[in-house]
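Engineer: Next come the chains, spelled out residue by residue.
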Amino acid sequence: MKKVKLRMDGYIIEAKEGDTILEAALKAGIYIPHLCHHPDLEPIGNCKLCTVEVEGEPIPIQSCEKTIKDGMVIKTQTEAVKKLRQTALELMLASHPQDCTSCNKYLNCELQALMQYLGVTHSRLRHIEKKNTSLVKSDVLIKREMQRCIHCYRCIRACNELRGAKALSINKKNGEVYVGFLNDSSLMESSCRGCSACVEVCPTGAIQDVEGIFSIQTPRQISLVPCKNQCPTQTDIPLYIRLAQEGRYSDAVSVIREKLTFPHSLGYICNHQCETNCKRSYINDSIAIRDIKRFTVENDLEEKWREKTVQREKNGKKIGIIGGGPTGMTAAYYLAKLGYELEVYERMPNPGGMLSYGIPKYRLPQKIVNKELEIIIETGMKLFNNTAITSLDQLKGKGYDAILLAIGASKGRRPVEYNKIWPNAIDAVDFCRMSCEENLPELGENVTIYGGGNVAFDCARIAKKLGVKNVRIICMEARSQMLADTYEITEALKENIEILNQMAIVHVNESEGKLDSLKVTAIKNFKFTANELEFEAINGTEDALDTNTLVFATGQQPDLTETFGIELIKSVFPKVDENLQTSIKGVFAAGDVLHGTKSVVQAIASGRKAATCIDKYLGGHGNIEEVLFKRDPNPSYIGSIQGFFQLERISELKNSEDLCEEAKRCLQCDLRLDIQKAKYWVDPQFKTIRGVKR
Amino acid sequence: MTCKFEKIPLLNWKNNLSSHDCIIDYSMNLMDIARKESNGECVFCREGTKQIYEIIKDITEGNALRDDMDLLLDILKQIQLGTSCNMTKNVALTCLELIEAYEEEWELHIRRKRCSNLVCNGMYTLYIDPEVCNGCSHCLRSAPKEMIMGEPGMIHVINQNNLDKLSIDLAICPLNAIKKAGPIKPKLPAKPIPVGSFDQKATGNNEGSRRKRRRS
Chain Z
1 MKKVKLRMDG YIIEAKEGDT ILEAALKAGI YIPHLCHHPD LEPIGNCKLC TVEVEGEPIP
61 IQSCEKTIKD GMVIKTQTEA VKKLRQTALE LMLASHPQDC TSCNKYLNCE LQALMQYLGV
121 THSRLRHIEK KNTSLVKSDV LIKREMQRCI HCYRCIRACN ELRGAKALSI NKKNGEVYVG
181 FLNDSSLMES SCRGCSACVE VCPTGAIQDV EGIFSIQTPR QISLVPCKNQ CPTQTDIPLY
241 IRLAQEGRYS DAVSVIREKL TFPHSLGYIC NHQCETNCKR SYINDSIAIR DIKRFTVEND
301 LEEKWREKTV QREKNGKKIG IIGGGPTGMT AAYYLAKLGY ELEVYERMPN PGGMLSYGIP
361 KYRLPQKIVN KELEIIIETG MKLFNNTAIT SLDQLKGKGY DAILLAIGAS KGRRPVEYNK
421 IWPNAIDAVD FCRMSCEENL PELGENVTIY GGGNVAFDCA RIAKKLGVKN VRIICMEARS
481 QMLADTYEIT EALKENIEIL NQMAIVHVNE SEGKLDSLKV TAIKNFKFTA NELEFEAING
541 TEDALDTNTL VFATGQQPDL TETFGIELIK SVFPKVDENL QTSIKGVFAA GDVLHGTKSV
601 VQAIASGRKA ATCIDKYLGG HGNIEEVLFK RDPNPSYIGS IQGFFQLERI SELKNSEDLC
661 EEAKRCLQCD LRLDIQKAKY WVDPQFKTIR GVKR
Chain G
1 MTCKFEKIPL LNWKNNLSSH DCIIDYSMNL MDIARKESNG ECVFCREGTK QIYEIIKDIT
61 EGNALRDDMD LLLDILKQIQ LGTSCNMTKN VALTCLELIE AYEEEWELHI RRKRCSNLVC
121 NGMYTLYIDP EVCNGCSHCL RSAPKEMIMG EPGMIHVINQ NNLDKLSIDL AICPLNAIKK
181 AGPIKPKLPA KPIPVGSFDQ KATGNNEGSR RKRRRS
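If you read the protein sequences in the order shown, they are chains Z and G. Note that this note's numbering gives residue 475 to position 475 of the first sequence, counting from 1, and the numbers run on in steps of one. Note that this note's numbering gives residue 51 to position 51 of the second sequence, counting from 1, and the numbers run on in steps of one.
No lab work stands behind these hints: they were computed from the structure. Predicted, not measured: the structure shown is a model, and the values here were computed from it. For each residue, glycine too, the CB sits at the ideal point set by N, CA and C. Treat each hint with caution, since some may be false.
What the hints assert, rightly or not - Some chain G residues judged to face chain Z by a derived CB distance under 10 Å, without partners named: (1) Q51; (2) I75; (3) L81; (4) E100.
Hey, can you work out the whole structure from these sequences and the hints?
Structural biologist: Here it is, written out as structure tokens:
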């Protein structure tokens with residue numbers, strides 16, 4: 001790289017050949033004010049704030065446009081340029097609102113910083129009301145307050161040059177220019193790709209994200225990518241969608257496998273928080289992230305991740321894991337790779353936990369689970385099936401340096417008054433297990449399920465698929481408030497499953513020791529108190545329903561008692577500290593056992609955390625992260641798609657064309673993170689000048 | 001999009017101005033064309049011409065502020081120094097020339113709110129000369145509603161309340177009875193009276209006094 005020497009404000013500074021005066025100055029720690037300049041965009045020299053004097057030039061010039069030459073003599077702070085800058089800023093402010101404190105960009109605004117730097121206020125000039133600012137309206141993703149626009153056209157350049165989306169343009173009406181969509185089209189008609197680069201580069205509050213789209217609980221850089229942020233394991237979703245679109249399925253799987261242990265199974269049954277929070281869902285349906293994941297895993301012929309995965313040498317330490325479900329197996333996988341000796345105890349004949357014994361087979365075929373379990377077991381661990389551990393005493397003398405309790409929530413929980421054992425009343429968790437084991441008892445003609453979550457729907461649909469004539473779900477919530485996924489509800493209705501909303505069971509009638517009918521009533525509202533369920537019944541709505549089998553899908557809890565040997569809270573959940581350690585040193589707990597049923601991906605995240613905590617406890621760094629795919633820089637150019645927001649979700653990805661079309665719908669929220677930040681005069685880099693005083 | 005300098009015929013003011021024109025009105029029109037021609041890119045072109053236009057417009061309407069002359073000179077100098085395009089550079093220069101060459105006329109507008117040729121909108125009043133008007137009602141039919149009072153055979157009177165001066169065409173009167181008045185106001189009937197009955201000395205509540213000079 002060739003260096004060029006210049007004299008700037010009495011300093012000899014060195015700069016890279018080809019840089020502009022402004023770039024050279026900023027790098028050398030000399031601040032020159034600028035507004036339309038942005039490090040990622042081509043200069044246009046509009047704002048006149050970066051004006052400097054160059055020896056040999058008759059008039060002041062724009063430093064953002066002029067390339068440096070060896071021996072150039074530049075003055076950045078003469079009275080003439082200061083005056084010019086101030087006038088330029090005053091002119092911009094003449095049409096800019098003065099309500100700074102009510103603007104969301106307050107204290108985070110480049111214009112405001114420049115006002116301070118140049119000592120300019122809303123001033124002696126005539127205040128100008130721009131007429132066209134109201135032509136450009138906000139939409140569901142972007143809030144536009146165009147009266148705050150100071151016409152730097154960074155947004156237009158970002159949209160056209162950087163992204164190639166070509167959605168924004170300089171429009172003109174009644175002799176006045178304004179920034180708007182090309183040809184004044186609407187968001188839906190436009191070629192806007194929703195990348196929000198315009199928001200990222202806007203120096204004022206003219207173009208902003210609509211509040212409420214992004215979580216405010218996490219730092220901005222994280223919450224800007226909602227799918228990744230909402231995924232319990234923070235899988236790099238935008239990246240693998242991009243790779244999938246390029247047909248690089250194996251690379252996509254590598255990205256997925258960096259964070260997830262059961263990607264294929266999740267491709268079937270993940271509760272996809274990512275999709276729920278997808279930014280596209282504010283416009284139309286979210287990206288089919290789960291389907292894309294499944295497609296890439298199923299079409300990954302190379303399995304490149306296997307070459308990159310790291311197996312450390314044995315370190316001689318031994319860990320026992322109780323429970324071979326997603327949490328236990330995930331922790332075992334990462335700990336085995338770190339070099340620990342692993343022994344896993346599973347009470348059932350096969351590992352997999354809820355993947356094997358909870359989720360109905362019509363939703364997730366067992367062979368997929370088995371294949372993914374094999375991959376985990378291959379890393380090296382001893383698996384003891386059919387071995388229930390009910391007390392820590394059983395593991396005494398086995399020489400474990402740490403123990404992880406990951407037994408899940410395998411016991412049904414009913415409203416207390418129904419704790420009596422009837423042969424034809426089954427807890428949902430047992431019902432699902434028996435279904436997976438194919439040993440469900442005779443169900444009869446009428447099956448009633450009590451509960452409105454996904455598990456209730458699993459039970460109902462299992463029953464229906466077994467040929468039960470009448471299957472009904474009794475649910476206390478209203479239809480719109482049900483906890484189950486909309487997909488499950490619509491499928492159930494298609495299968496002629498009856499859903500009774502805002503109903504509760506008041507009493508059960510027995511005959512010959514079995515349940516035979518249920519007294520139900522419509523309810524207005526309900527709440528859970530300490531140990532009980534309270535509801536307000538609507539008088540005169542009582543009804544009796546005949547039932548041959550009653551399934552309680554009213555919650556699950558761990559099968560754990562005080563005799564296990566650790567301290568419990570609410571007498572079922574283990575008490576843990578922030579490092580997942582229980583009351584007994586070296587005994588950790590993770591997954592559903594801590595809080596009752598959540599999701600598989602949550603269980604995996606918990607398993608990962610447990611692996612980290614245990615490694616740290618045993619003297620390691622607790623680092624389980626792997627880079628299975630070496631990142632290239634993200635593209636900045638994404639091109640133009642007319643009517644991008646009209647693209648509908650593809651409900652079933654049958655082939656690579658479908659996948660490509662679906663992946664194309666992604667807004668690529670992560671790309672905006674690559675856009676460089678604007679520089680402020682107060683930035684520490686301008687505290688000292690890197691040059692020789694001469 | 002570029003700012004089209006060729007579209008502005010007014011730049012050569014020495015050839016364009018007649019003795020009936022007002023230099024301030026001329027400058028305002030110049031800036032009006034320039035601001036509408038601007039492609040909006042450079043700040044001096046987009047905001048500068050608009051700002052100058054607004055200031056001169058205030059001057060023509062009699063709403064000038066005390067320091068407007070200095071303000072105009074200051075901004076115009078910065079505009080012609082800093083702007084990217086020739087169009088704006090040239091209009092700014094032309095305007096500076098006009099201020100320099102006609103300084104007194106500008107001062108008259110700004111300080112005394114007066115326009116020598118009674119061109120600027122805020123610096124004259126319209127009236128119908130009661131000595132000339134023959135009650136033909138031509139003006140009544142062509143002017144916007146309620147701006148002129150009268151009926152055939154009566155001397156017409158312009159309603160000075162809510163008057164939009166620019167909407168009345170002076171040439172509409174075949175006898176040229178619609179006239180402009182500067183600070184000296186003629187005596188006029190308060191409402192329409194029969195043609196021929198106007199007596200300069202007896203009628204009218206208007207004393208014909210000079211308009212009070214505003215303190216400036």
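Engineer: Are the hints correct? Go through all of them and say.
Structural biologist: Each hint, compared with the structure:
no., hint, verdict
1, Q51, "holds (6 Å)"
2, I75, "holds (6 Å)"
3, L81, "holds (6 Å)"
4, E100, "violated (20 Å)"
Comparing the model with each earlier hint shows a violation of hint 4 alone; every other hint is respected.
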